[in-house]
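Student: Which chain is which? The protein sequence lines are A and B, in order.
Just so we're aligned: 405 in this note's numbering is position 403 of the first sequence, and the numbers increase by one with no gaps anywhere.
Just so we're aligned: 153 in this note's numbering is position 123 of the second sequence, and the numbers increase by one with no gaps anywhere.
Treat the hints as calculated values from the structure; they're not laboratory data.
A quick note: this is a predicted structure, and the numbers were derived from the prediction, not measured.
There may be inaccurate statements among the hints.
What the hints assert, rightly or not - Which residues of chain B face chain A? A few of them, derived with a C-beta cut under 7 Å, are: (1) 78; (2) 81; (3) 82; (4) 88; (5) 101; (6) 133; (7) 135; (8) 138; (9) 140; (10) 143; (11) 144; (12) 146; (13) 149; (14) 150.
Quick reminder that beta carbons are idealized off the backbone N, C-alpha and C, glycines included.
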Amino acid sequence: MLYSHKLRYLGIVSLILGISLVCQANETEAEKVRLIGDVSSGSGATAVHNISLYDKKGFVILPEVNFNQPFSTRQSCGRCHDYETISAGWHFNAVDEEVQGGRCGQPWIYWDCSTATQIPISYRQWPGTFKPGQLGLTRWWFTRIFGRHFPGGGAGIKDNSSQPALKDRWTVSGELEINCLACHDGEASHDQAEYARQISQHNFRWAAAGSCGFASVTGSAKELPDFQEPSSQSEDAPTVFYDAGRFLPDRKVFLDIVGKVPNERCYFCHSTKIIGQEYREDVHLAAGLSCVDCHRNGLDHMIARGYEGEAPNSSKPFAASASCEGCHLGEEEASEPTEGRLGAPRPKHAGIPVVHFDKLSCTACHSGPRPRSTTFRIKTSRAHALGTYSANKSDDTLPYIQSPVFARGADGKIAPHNLLWPAYWAYLSGESVTPIAPEIVKSVAGKALYLDVELASASWPELSEETIAAVLTALSSTVAEGEAVYICGGKLYRLVEGKIIAREHDAGRPYMWPIAHNVRPAAQSLGAVACEDCHATDKAFIFGKVAIDTPLVSDKNCVRKMMEFQDGDAFYASLFAMSFVFRPWLKVAALASCAALAAVVILYAFKGLACILKVLAGENR
Amino acid sequence: MFNAFKKLVYLVALLCFVVLTVTGFYPLLILGRSLYGYWVMAHITAGAIFGGCLAVLAILWAERHRFSGSDWPWLQRIIRPRTESQRRPAEQFGLMQKIAFWLIMLLALPVILSIVLMMFPLFGTYGQEFLLQVHRYSSIALTLAVIAYNPFYLTMVVGKHKMQIRIKR
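Bound conformation, chain A alone (with noise of 0.2 Å):
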């Protein structure tokens, strides 16, 4: 009997000390994410960053040790920012499969100007884009292509749960771990060209430090043979040269590090050039505000995109206030008011029936290049290489993307649009269509291509029918079921009895994705001046044009009517428009008969009252 209960003591004992184990594992876990960075004391004033510079092994830099190595910011920014949690944000996470993707945005544009190639791809799930995979582009190879725009992390880092391709150069490059400095330095002299400059030579582990202030990175390791890693010895292998002037005696380093990014960092990414139309402001920068105002992000650095419908879809804390609505309107699940953050005005839209605000979204008015006739043409930092020191100036180089197109988004409301369309070369099976990567199209098909013409402006090459017929019959040997086509101009083309043919198919679609900037002043907005901005035969917002960008040379100049994307009658939209003529009238007409039955309803009001008053007089007619 005692010696049960001491039995029964001892698992007692043992329970209770197993959950009181679990609970300090968990709350260790807990403490180690929040590094001393990650928790804010409440002062408004941000850190001064006088800090130990560490490379990728963890070892400190110091002059007379390893002042050649590159700094890692993982080492470096890790030992005091979680590192990890970082890396799952927003502008590092396409690669993961498990992330949803939202709505559609800008891809990546692979083109190829002497394959006559441009099409969209994107790690995340959107519908229209292709994986990288699917056009035989690595983690590298993209890290290769793309990375001169983005931030580092994601595809820059070695995938080690594959096997890694052989034409990959890991070894020689190194990784391209989250470059915090694209964002958080403030220095002038920050320069992210030069990062571009550095991905392009494969110097992947340098590149951040090339960007910033206090070091600059010679040599190429593209110079350098596959699987070696670079050293000392090698003429080619890059090299770190810091600036020793700026290391503190304790050999630490001061680094500009500001928590609000300044506008410029995002310019570098994010910019716009809308070609023939001056550059305008945005509204909002205009007026004060900075990107990360709206754009905000905690620590998981889950950047609120700020379009509507993000915040019910995401788990981002600061979606719904980052939204038009949100700002302008308030959020309406929000338990205390926050209309009129920043000093945003409340709209008063004053003769705007409110049907406009279920078919429009806010930027359908507000925002992009007010509509003309047909779409512009525009360039983008990553689509064009805006601010590299390779960029192609030229107002006609690939890719060619439309805007804006006024189409009918995934919510079901008709927002202004960046629209590309699709080209490349494919593999036709049943329904379904799969892109061939350039290089083998090239090395399959070449001599019916101009791969020896250098086109100075890098725009389409004039494609005939007949080196169609002869690349897709090039491309034909190597296929073992279906065959080849090629899509371009929203059509596709296949190879029928020597002859080309065309026909729609849904690869053929454009790729489209919402925009948002740049804001216009209000005054500037469609349905500012009248109804007849919009309503109006003439008026592009319904009747414009859309260019078809085809390097087909009888397809030159078609056009598609703006209204097609709106999924809207054509027959209706103009006899609609065409009333909006009489409408004037038709307000004096309204306004008459309201005139004459209310004159005629006070008249008779008068003559009862006075008859009424009669009879209570006692005058008996």
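With chain A's structure known, arrange chain B on it following the hints.
Tutor: Using the frame of chain A, we list chain B on its own:
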């Protein structure tokens, strides 16, 4: 001739009323969505014509729908000890019909004004929503008033024709 004109105006108004009722209530009650597309265009077109016809009818028929002592015999007994009943003109409308007529005239004002005011840049979003509600509820009341008026008018017209046929015989 003039009577024919009045009847024509009445018939046009009635036709427009039917169009307005169908286009106004069908999408909302049956399709479960607000007015859109061709429904809107038909509604606006019929509404403009209906408003004009109402104004004409108001001018032409107001005198005949004027309330008289014979409409309120109980009130007359209260106010005056001796009631002198007035000879009813051959085409005098009944009390309910007169009430319906003036209700129509009164309700037409908010129905028309609410929509016309929305077309001017005077009211913001809240004002637009308020005007839409005014239009919605006054339209419902107007519809009921028109439905109440018409049976009386049609009965009167039919009765008059029957009398004319008997006289001819």
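Student: When the structure is checked against the list of hints, which entries are broken? Sort them ascending.
Tutor: Of the numbered hints, 5, 6, 9 and 11 do not hold.
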